[in-house]
Structure formats: structure tokens, C-alpha cells
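Chemist: Same order as they appear, the protein sequences are chains A and B. Residues 1388 to 1740 (this note's numbering) are what the first sequence spells out, left to right. Residues 1388 to 1740 (this note's numbering) are what the second sequence spells out, left to right.
Wrong hints could be hidden among the right ones.
[Said to hold, decoys possible] Straight-line C-alpha distance at most 27 Å; calculated DSSO-like pairs for lysine-lysine:
| no. | chain 1 | residue 1 | chain 2 | residue 2 |
| --- | --- | --- | --- | --- |
| 1 | A | K1651 | A | K1732 |
| 2 | B | K1398 | B | K1561 |
| 3 | B | K1645 | B | K1398 |
| 4 | A | K1495 | B | K1499 |
| 5 | B | K1495 | A | K1495 |
| 6 | B | K1512 | B | K1462 |
| 7 | B | K1497 | B | K1432 |
| 8 | B | K1662 | A | K1462 |
| 9 | A | K1593 | A | K1642 |
| 10 | A | K1662 | A | K1512 |
| 11 | A | K1689 | B | K1466 |
| 12 | A | K1550 | B | K1550 |
| 13 | B | K1550 | A | K1526 |
| 14 | B | K1466 | A | K1561 |
| 15 | B | K1635 | B | K1689 |
| 16 | A | K1544 | B | K1561 |
Bear in mind the hints are in silico, worked out from the structure with no lab data behind them. Quick caveat: nothing in here was measured; it's all calculated off a predicted structure.
Protein chains: 2
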Amino acid sequence: MNEKIRCLREKIRARSMDGMIISNPKSIKYLTGIDSEGILLLTRKENIFITYSMYMEAVNSVLTINDDIIVMNFKDITKEDYENFFLFCENIGFEERYVTYSEYQNIKSKYKPNNLIETEGIIEKQRMVKDEEEIENIKMACEITDNCFSYLLGFIKEGMTEKEIALEIEMYFKTHGADGVSFDTIVAVGENAAIPHWVPSDRKVKMSDPILIDMGCTYKGYASDMTRTIFMGCMLEEIKKVYDLVLKNQLTVEKMIKDGYTIKTLSQSVESDFKINNYDLIHGLGHGVGLEIHELPYINSKNESILRTNMVVTNEPGIYIPGKYGVRIEDTVLVTKDGCIPLTKSSKNYIVI
Amino acid sequence: MNEKIRCLREKIRARSMDGMIISNPKSIKYLTGIDSEGILLLTRKENIFITYSMYMEAVNSVLTINDDIIVMNFKDITKEDYENFFLFCENIGFEERYVTYSEYQNIKSKYKPNNLIETEGIIEKQRMVKDEEEIENIKMACEITDNCFSYLLGFIKEGMTEKEIALEIEMYFKTHGADGVSFDTIVAVGENAAIPHWVPSDRKVKMSDPILIDMGCTYKGYASDMTRTIFMGCMLEEIKKVYDLVLKNQLTVEKMIKDGYTIKTLSQSVESDFKINNYDLIHGLGHGVGLEIHELPYINSKNESILRTNMVVTNEPGIYIPGKYGVRIEDTVLVTKDGCIPLTKSSKNYIVI
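Chain A with its partners taken away, still in its complex shape (with noise of 0.2 Å):
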């Protein structure tokens, strides 16, 4: 069977629970590696994976017989097989945030279980330390990241609107190793570099503007995530400022982060730092990254878990200046026993293109 399966059968027995039900398309990727659609039960004794005739030949090609995973087509499937496959159980785990009402429903009319359980997340938890390949993906995947930071700090010039600098970005990831972006791409300038989740308009970029650009594409499914700020003919007096606090604590939490430390201690001192300057931390600092581009653990003042060796999280503090600017530097960092590796390494310093 394979290592994620096994570990996770290991935390269902330890729940007391006979066996689970697995829907969400991003649990069935990490645990198999199969991208196609479909629903995998992890039975009493067996792995069954079941999807459509289109994608049978797809779903095999992926499969070693170290997966130990049988498959199935849904058309063969009778309502007798249903019952059968959780038969003498007690009880079966669902995923409770990610299954519709409805779905649950149909769960229940469909299989009859004796006991459908919430699982909390289990395979969210489990995802947070991430193992070899998974790290080498996300890897090339900040690889290819800095490697558009740099394109970039040659493409962006006056007068080029925000749009038009987010699609050069999305066509270069397409165009160099990358499955595509990993989320929207953010060109936010002058302004706009003021507000956190801003969308790429036709605000075009002039003399002494701040270009906040936060990107990250996916590589063989595994997301990155980087943010730089970055000035256009010149650097105002006035942002210096707020860049050397927001930069001060992002070297700060890079220094902090390490496995066994208590996440929200990373947050609160941010927040601290931030504070005595008379600054808010408005969003988290950050969360962890992988086959989504948020996914646990988030980073902030309320999470009391601890960092693991192997874990990847953004750094990402920032500053908004309503109206006027706004200066956010973010890295992906894997978290070590001593200390932490970014995995996006472009330049922190003031680049003024």
C-alpha cells in the first residue's frame, strides 16, 4: 500500500473509525495521485478507487501496483455493491467541508452506513508536512517563479498597464515548465498596491509608482507563492520607510521559523512590531502552501499548533497605506529542524526598474 494511504488508514483506526469515504479532488490527488474524477473508499480491507469509462485508461497509466488500489467503473457498480462495501462497519469518515449537503445525503441513501463521522480535516492535516517529491515539486515550481521575477524586472516599462504585465506573467509559466498560474496573478500599482487582494485593471504603470506583483504558478500540481514590490524610475522617500519595517520583519519571521516553534508567536510579533510604528498587519501572515495555494497551517495570532520539519508556508507581512501605497514582500519558505529555506529566492532589496 502506498506510504500516504497507509499513514492515513493508521489516524482513521486511531479515530475508531472502519473506513472513509474520499471525495475532495485535491485529498484524492495527494493520496494517489490520480487528477481525474472519481471517489475513493478506503474499505475495511481495501483501496477502491471509482471513476467514469473516459478516464479509466487515464487513472491506471498513474497507478503502480505499490498503490495497491483497485478500480472501478461507476456503470458496473450496483446498489448492492454500495451496501456491501462498508458492510459490518461502525464507522465511516466523511469529509464534512468539503461534501454538499446533498452529496451527504446521498452518501448516506447510497452506502447506508451505521455511523457517518467528520473527519476534521484529517487529509488537510496530514498534507501540512509535505515528503520528497512533493518538496522537489514545489521547489521548481518557486524555480520557475523567480525566474519570472527576474524576465520581468526587464519587461515592465512606463505606461504598460497592470493587465497587461498579469497575462506577460501567465504566458510566461505557461511557457516554461509551469501547468499555469497557481492563482490569480496580482499587479497592483501606485494606489492599488494599497488594497491586499487587488484584480490587474488598466491603471497604467508611471514615474515613481510602487508595482506590487504576488505570483505563483504550479508545477506537476504543487503551487508556489511570491511576492515583491518593486519601483518604477525612482524610489519615494516617504515608502523607504515603510519598506525597510515591512522587509525588517519578514527577515525577522525568516529567522523565527524553525520545527517546534508555536505559529502564532511568528504573527504576534509582527503585529508587535508593526504596532510600536503605528502599522496594522491587516491580513495573516501567512499559510501554507502545496497542492492549494492556501491550505493549512495559516499563519496568525490565533494558531496555537506548532511547526513541523517539512511543512511549506508563506512569509508575507505587509503595509497599506490607503489611497496612497502599499509594500508586501512574501517568500515560500520549507520549514527545517534549525531554521527554515526559502524556496522563492529573488531579490528583497529596493529593485528600482
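Using the hints provided, position chain B relative to the given structure of chain A.
Modeler: Showing chain B alone in chain A's frame:
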């Protein structure tokens, strides 16, 4: 009150509901024009949209007095406020096909409604019949799609890969007034055209290859969907027969579509003509198009419902010869009192480039 909400309120009253909690962003966009995250409550007397601080400005800029919607901020809403929204109400509707099981539990504990009632796609059903503004947006998306197709006829050359062509389509949409693609573009060359949901690969276009292109964009959120199968250099005789059969059926369906027609009859007609010729219709004949690329009504041989004026649906028969080639021809059409108007208008004759 805006017309769409007024109409929805009539429907929920007719089903003895005193209000509704609307959480699907597509439903919210449809009813209000709002694109921002939040929740829409239809209480006994008021329409309330609750959102986050960062979206307040965007939300207020979309609404007019005529909408009669009160905008609130999540952070200002107390435990008591939640319980008061539906005080003295008996039945409150929710979107059971969208809300996750966790969210359902959350709604129950926050609003403490007496009865939460499944609304069985009440809004999705209302969305089937489009108003003038919606039709204008879909027409524009279709026009951009037609223009893109004309452009492609000059762009595609022997030796190009499926991926390159798909990327060019995406670029075209983004630089010619569309928001972007309405679904992942399918470019399937040669034997890949035999797989209805092919994902563009590095397969290159060679002499005599069929090239199946299934593409669409969105304009102001509204989608288009069109498929054409064209040929590189020449068209093999064996494909002509299949092409003619697909086209004959596509045109027959185009003639059948009109207000009052029973949906399943459309599909049954194609199935029986394909069967006579020893082929099968292996996927749905079509689907509604609007804020989503696939929405109600689904055109298949099980759907007993009736076409109505101002529904927008696709008409997309296809024949697939595994390992060899496939032909699909698809238009987005507007249902009228006496027939239908194809909104995608690209030529369906043999096209050899």
C-alpha cells in the same frame, strides 16, 4: 426591489418559505450583480448582503437604490443579530447543492432557524431563462469567440502543438475584451480528437490531421461555448462521412429547438440517427450556458422538461472513433418563440487550412 429578487421571492413564498440564505457566489452575482465574497439573506422584509470590510466599497459601487439591498459588515454582526434575522420565521431555504455539510451545521447553530428547507436549485432554475442584459453579454462572448476562430484559421500551422494553440486562444480572449476563458480550452489533434475531454498536450499538428477545438470565453461573467473540427492540409474521405453525419444532426437539432419543445426529444433524435449509422452519442447533446459554462437545462434523453424562450443552450453532437479521430460541432444558441438563433456563427462547412 430588483426584478430577479422579486421573482425569487414569489417562488419562495409559493413554497411556504419565509426567507432564504443564499451562499453560492453565482446565485449572488445573478441576483445582485455583486462579485464579492459574502452571504445574501432574504429575510421576511429585507434583502441583506453581508460582506467583509475590504469588499464594502466594491459592493456599494455595484448596487443601486432600486436593488433595495442593505449592505452589512460581518464584523459588526453579533450573535443576537444572527438569531434575529429569521425570528418568528418558520421555514428558511438554503442551497443544499452548494452548502457543505459543515456550513450547514454552522448555519443551523448561528441563525437557529426553525426549519431549514432544501430549495432544490430554485435559483439555478430561475437562471435558465435569461433577461435582455444577460443575453447581450452572452452574445458578446460568442462574438469574441467567433472572431478568435477566424483568427485561428490564419494562425494554426503544421508543427504547432495542441498546447501552443490553446495558449494562443487564451491570449486572444484576454486581449480582445473577454474576461478570460470560460473553461479549459480543448485542442485535440488527430487520434486525440477521439477523446471528448482531451487536455491539450505536446502533440503536433501534422498533414491530414483533424483538429477539434472546443473553446469559449466569458464577458462580464457570462460564457460562450463553441466547437469546430477543422483539417490540416486535406480531409480524409473516411472522416467526411462522419463529419456529414454530425453536421446533419447538428442542423436538425438547430431546426427542432424552440419554445415549448420537450428537451429529451432532441437528444433521442440524434441518438436514433447515430444508431442507424452504427454510432453512439456518448455524451450529453448540450447544456445551458450563462454565468456558468455548464448549467441548467441539461440536454439529454432523460430530461423531461421543456425549452422556453430566452433559454441559452449548446447543441453539440459528436462522434468519436477510438484511436483514430473524432468530430464534434457545437454552437451556443438562444431559444425563441418560433425557433432558435445561433449566437456562435462560425462556418460549419468543411474547413481545410
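Chemist: Each hint: holds or not?
Modeler: Now the hints, each set against the structure:
no.	hint	verdict
1	K1651/A x K1732/A	holds (25 Å)
2	K1398/B x K1561/B	violated (38 Å)
3	K1645/B x K1398/B	holds (25 Å)
4	K1495/A x K1499/B	holds (24 Å)
5	K1495/B x K1495/A	holds (20 Å)
6	K1512/B x K1462/B	violated (33 Å)
7	K1497/B x K1432/B	holds (20 Å)
8	K1662/B x K1462/A	holds (21 Å)
9	K1593/A x K1642/A	violated (35 Å)
10	K1662/A x K1512/A	violated (32 Å)
11	K1689/A x K1466/B	holds (20 Å)
12	K1550/A x K1550/B	holds (22 Å)
13	K1550/B x K1526/A	holds (24 Å)
14	K1466/B x K1561/A	violated (47 Å)
15	K1635/B x K1689/B	holds (22 Å)
16	K1544/A x K1561/B	holds (20 Å)
In summary, the structure is inconsistent with hints 2, 6, 9, 10, 14 from the numbered list given earlier, while agreeing with the others.
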